[in-house]
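Work the whole structure out from these sequences, hints included.
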Amino acid sequence: MDRRRFLELASITGLGLAGAPLLGRADSDRAAPPRSSAAPGEDDYDGPLFVMVQAHGGWDATLLCDPKANLNNSYGEGDILTAGNLRFAPVGGAQALFEAHYEHTVFINGVDTSTNAHDAGQRNCASGRLGEGYPALAAMLAGHGAPQRPMSFISFGQYDRTSGLVAPTRNGNDARLAELSYPDRMNAADAEGPTYHTETAHAVIRLAREKRLERTLAHQALPRFRHALDTLATARLGSDGLKRLDEVLPEPDANALHRQAQLVVAAYKARVGVAGNLFHSNFDTHSDHDNQQRARMSELLGLVKFLWDEAERQAVADKLVVLICSDFGRTPQYNGNMGKDHWSITSMVAMGAGVVGNRMVGATDSGHNARMIDPATGAPAEGDVAGVKVTPAHVHRGMRRVLGLAGTEVDERFPIALDDTFDPLAG
Amino acid sequence: MLQRDAHARVRALLALSLLGLPTAACYGGTAHSPGDDDDPEGGDGGDTGDAPELDAPDACVDIDDYFREQVWAPVLKQKCYACHNPAGAAKASDLVLQGTDFPGYLDVNRQTVANLAQLEIDDTSLLLLKPSAVIEHGGGAQIEIDGPEYAALAEFVERSKAPVHCVDDRDIRAFYADLSLLDEAETTRKALFLLAGRMPTEIELAVVEAAGFEGLDEVLEQATHEEAFYDRLIEIYNDVLHTDAYLAGDDAVDTVDTQKFPNARWFDDLPEDDVAAARNATNDAIAREPLMLIDWVVRHDEPFSTILTANYTLANPWSARSYDIPMDRFVDPTDANEWVPIQFPDFPHAGLLTTSVFLNRYPTTETNRNRARSRVLYKFFLATDVLRLAVRPIDVTSIDDFNPTLYNPNCSVCHDNVDPIAGAFQGFDELGRYRPSDEGWYADMRPPGLGDAQIPFDQSKRALQWLAPWLVRDRRFALAVVHTMFTGLTGQEPLTEPIDEAAPDYLQRIGAYEAQDYTFGQIADAFMADNWELRTVLKALVKTEWFRARGTDVPLSDTRTTELQDMGTARVLSPELLHRRIQATTGIPWRKGGTSVLLSADYYRFFYGGIDSASVTQRLTEMNGVMANIADRMANEVACSVTAFDFGKPVADRMLFPLVERTDLPGTPQGDAAIRANAVHLHEQLLGESLDEDDPEIQRTVGLFEALLADGHARMADTTNGRMTPSIAAACQAVVHPTTGDPLPEEQQVTEDPDYTVRAWMGVVTYLLGDYRFLYE
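Listed in order, the protein sequences are those of chains A and B. Heads up: the first sequence begins at 1 in my numbering, then just goes up one per residue. Heads up: the second sequence begins at 1 in my numbering, then just goes up one per residue.
Mixed in with the good hints, there may be bad ones.
[Said to hold, decoys possible] Not close to chain B: a few residues of chain A, all C-beta gaps over 10 Å, as computed:
#, residue
1, Gly-78
2, Thr-216
3, Pro-250
4, Arg-294
5, Gly-336
6, Ala-363
7, Ser-366
8, Asp-423
[Said to hold, decoys possible] Derived list of chain B stretches under chain A, where covered just means 3 residues or more per stretch with a C-beta under 8 Å from a C-beta of chain A:
#, stretch
9, 552-558
10, 588-596
Keep in mind the hints are simulated off the structure, nothing from the lab. These figures come from a predicted structure and were not determined experimentally. Even glycine gets a Cβ: it sits at the ideal position worked out from N, Cα and C.
Take a look at the structure:
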């Protein structure tokens with residue numbers, strides 16, 4: 001609420017004199033500018049809805065988008081499926097998903113994560129950097145696009161570092177969102193019922209808080225305090241928007257994984273969210289690999305299919321961009337427990353608006369070792385071509401372009417250092 | 001180039017250290033008086049122009065600083081480390097250097113290099129002869145005799161003959177120089193709340209005022225023997241161990257070895273109506289074993305190291321039945337709070353490490369061979385994240401060795417550390433059951449142990465128990481405890497050493513890391529010297545700048561801002577802490593229908609960033625829009641519940657309004673004075689800030705009260721739109737006790753508000769409960 005609006009309110013209710021000390025004192029302070037000038041519900045973000053889907057534990061890319069019958073006991077060469085130009089392993093749900101979406105899907109194979117460690121792999125997958133310090137891509141988009149939205153970045157777990165760009169939101173009991181949408185009502189469901197304070201009282205309390213926060217911020221130099229104050233101000237700026245979420249959130253799906261997708265899509269639809277991290281666990285199949293990994297992979301693909309279907313239903317599919325990845329890959333050979341251990345070569349899958357799809361780029365050899373890639377074609381380098389090794393950084397650089405982050409302040413703040421220009425998401 | 005960069009870093013560090021501070025004196029070298037080389041011009045830490053060189057005649061150069069800046073970074077790390085590391089080609093040589101992930105690696109490496117420097121051939125140190133290939137060197141010539149690296153090593157050889165250690169910690173002091181800190185009373189208030197969940201009493205504040213931080217030690221000594229502290233301790237350690245994941249259902253009971261304890265599920269034989277309660281009590285007891293051991297050790301003033309070395313576990317009457325412990329061990333066989341130490345027959349207890357829930361929370365597989373358990377032991381109890389070792393890029397195509405975890409550097413970089421402790425867990429199978437083998441441990445792994453301590457074969461069946469005393473004597477154990485308590489108090493992870501020396505903020509980040517590491521190391525040393533007394537850690541931590549920083553005395557340069565990036569506690573309170581703060585400051589909890597909403601998963605626990613220790617293990621530390629709305633609802637509901645209730649109490653019992661009455665209105669000297677005085681009290685009571693009556697924030701709060709009052713008066717007088725009634729809304733009336741629901745005595749009931757003061761003060765309380773200082777710590 002600005003000064004003019006307050007004075008209007010004050011004059012209506014006879015608060016002019018009584019309220020003056022609030023404004024007089026605050027106006028004399030050295031106020032810091034707010035983080036965002038967007039009023040609640042009035043932000044102009046109309047960019048992508050980005051969803052990161054992570055397979056926790058390290059998936060077997062040869063059971064998905066880099067099929068190799070010679071390295072698997074569960075299928076033969078003739079069982080490998082196709083959709084458009086995409087080839088993939090015969091795992092439940094794959095055919096349905098890729099037949100529907102192959103035109104905006106690219107498989108990036110032979111991705112070298114350079115690690116066998118879960119935490120580092122998850123970080124690399126989500127941020128495009130092996131080392132620490134970079135935000136998850138979803139947090140990056142949310143922080144750049146509309147950090148003031150109350151659920152700008154919804155995280156269900158995994159690597160969700162934000163580097164201070166945006167405050168992450170966790171899911172709780174969805175049934176409580178309604179009462180949280182109307183914190184001033186004594187009975188949240190009763191729009192006509194009593195509130196704790198009069199409308200004017202709520203307004204002046206809010207104004208007093210804002211002014212006190214501004215004054216505190218203006219007198220505080222330590223970065224941690226400033227960030228916390230700034231985050232609180234930003235959170236309050238968008239908190240009114242939750243009311244819109246209540247209007248578009250569907251009945252919860254019976255499948256808990258699918259409910260993740262429902263919330264992220266509904267939050268975007270309601271203009272309270274921008275991006276989200278979804279994940280499915282138990283991919284760390286050191287034993288009984290075929291049964292366990294195939295089951296998890298099928299559930300993961302079911303989640304992605306549901307995500308697209310839900311986006312269609314909410315009429316935001318044209319905005320949806322998805323990146324699917326995992327900590328790393330699994331070893332080419334089975335161990336003594338018919339499991340597969342950690343392997344730093346893996347694949348990533350990108351889908352959605354802006355992705356030049358119906359393509360497979362990058363490659364591995366028959367032993368699932370990464371091959372050097374011709375940056376001009378994305379195919380294995382031949383002859384005198386100086387090939388490049390595909391890394392998560394390449395995929396993230398491409399994703400940043402697709403998401404409109406390339407060249408922005410956050411892109412420059414967290415630069416991706418590569419010596420080549422290979423973009424696996426471009427045609 | 002590297003040499004020049006190193007010089008630049010050193011100059012910058014020195015410039016920073018000289019920022020208006022006296023120069024250190026030295027021992028082992030030439031001492032000089034403090035103040036001799038003060039830099040009167042000051043300047044910021046990034047200005048390297050006029051700073052003295054390291055070898056300036058009047059500068060004290062610590063041998064550690066010299067080694068780090070002149071030897072390690074530009075020479076050893078660049079030229080030697082690739083081979084001379086624990087897994088490298090020169091791992092069998094006399095020069096084996098540790099990497100940055102090894103806690104205290106610089107100290108270890110300096111000593112290693114100093115030892116080598118003493119070995120000479122024809123009066124020339126091997127440290128010079130080898131890398132210059134004057135004598136045989138497997139890596140050939142790495143440096144030139146007339147080059148800067150050789151000169152740096154030669155100087156180190158000389159310096160190590162008479163090592164100089166500067167007397168004080170001037171760089172560290174300089175790092176903290178321009179911070180403003182909480183005073184003793186404010187520190188007491190913050191520490192007491194975070195450790196005991198309450199506000200200080202007047203007597204405690206008087207003690208601190210009279211005796212300063214010594215008084216605070218006394219106050220904390222008492223407070224850390226209160227029940228609330230032990231609850232907090234369990235909470236802090238569950239945030240590390242996450243064993244509360246087993247509180248659900250009968251999950252903990254399922255971890256018990258039923259071959260050894262066939263009556264584990266004793267409750268199944270009870271009458272049907274009694275099963276659920278007995279099962280829940282039994283399950284809770286078994287789930288809480290590791291955390292209760294921590295509680296027990298601190299409660300009984302045993303060395304904290306006992307959490308890993310105890311040759312016993314704990315049981316209460318409920319879990320005792322599962323373990324076939326006679327009931328005559330207990331005074332009250334139904335008291336879940338009565339715990340006793342017990343020993344299982346033929347079982348090598350090693351504190352919490354051998355509890356069934358710990359072993360199941362961190363399971364293993366046949367191929368994992370206890371490595372996961374080793375990893376968490378390192379992380380929780382040795383302040384070492386071994387996964388950071390694997391952050392270094394690896395080349396998968398190079399892994400074609402036989403047994404790569406033993407022989408390939410890409411793998412052995414982790415496994416050299418992980419495998420020995422993994423071997424100590426031998427005897428405990430995938431389900432956490434004790435199943436020792438007569439055949440010993442895997443021959444294709446590093447031998448079980450820790451560092452130089454190898455577990456003798458004849459101790460294999462009690463390997464972990466044998467190793468535990470070695471673990472706790474490792475300084476990293478003490479450091480891990482300091483880290484855990486720091487995170488528990490502040491919500492912040494300890495800083496990690498930056499790896500990327502080329503990063504533009506490397507110098508600032510390494511400065512912050514070293515300052516914190518030094519401070520925490522001092523506390524760890526004091527902790528060990530005090531026989532692992534946990535309270536020593538707590539008393540020291542709350543006095544550090546990392547706990548007390550609240551601002552700065554001067555505007556910050558960009559460089560300094562980067563250095564102080566992680567300074568100061570500014571986390572949003574966890575749901576548990578916010579719950580306690582509401583209770584501690586207002587006297588009532590935030591509940592709905594008897595449920596504490598911030599603690600309930602059915603209400604707001606997860607939305608507000610809480611954990612379940614199973615699928616959600618990381619707390620949110622930043623406020624988001626949903627949390628902001630929870631805070632708003634809390635402020636509204638709690639203000640509604642407490643305002644009239646507090647006014648109804650006798651003045652002496654009031655927590656919020658002891659200095660004002662409902663009849664005090666602005667416009668009279670008495671009314672104005674009472675309103676202003678109570679505003680001061682509310683700021684102190686709810687926000688912990690001591691302000692003068694003429695402070696701008698008190699003016700703001702009084703102004704708010706007057707604005708709310710004027711709004712109410714206007715509405716009560718408004719005949720056009722319907723007058724506001726003098727009655728308080730039913731939900732906010734003081735009719736029943738907000739906590740118990742019992743009817744209030746008639747004289748304490750408040751239902752009418754003819755002057756609108758109750759509702760105006762309710763607005764003020766709402767304002768303050770939603771304040772940054774209430775929601776954050």
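Which numbered conditions among the earlier hints are violated in the structure presented, ordered from lowest to highest? Those not satisfied are hints 2, 5, 10.
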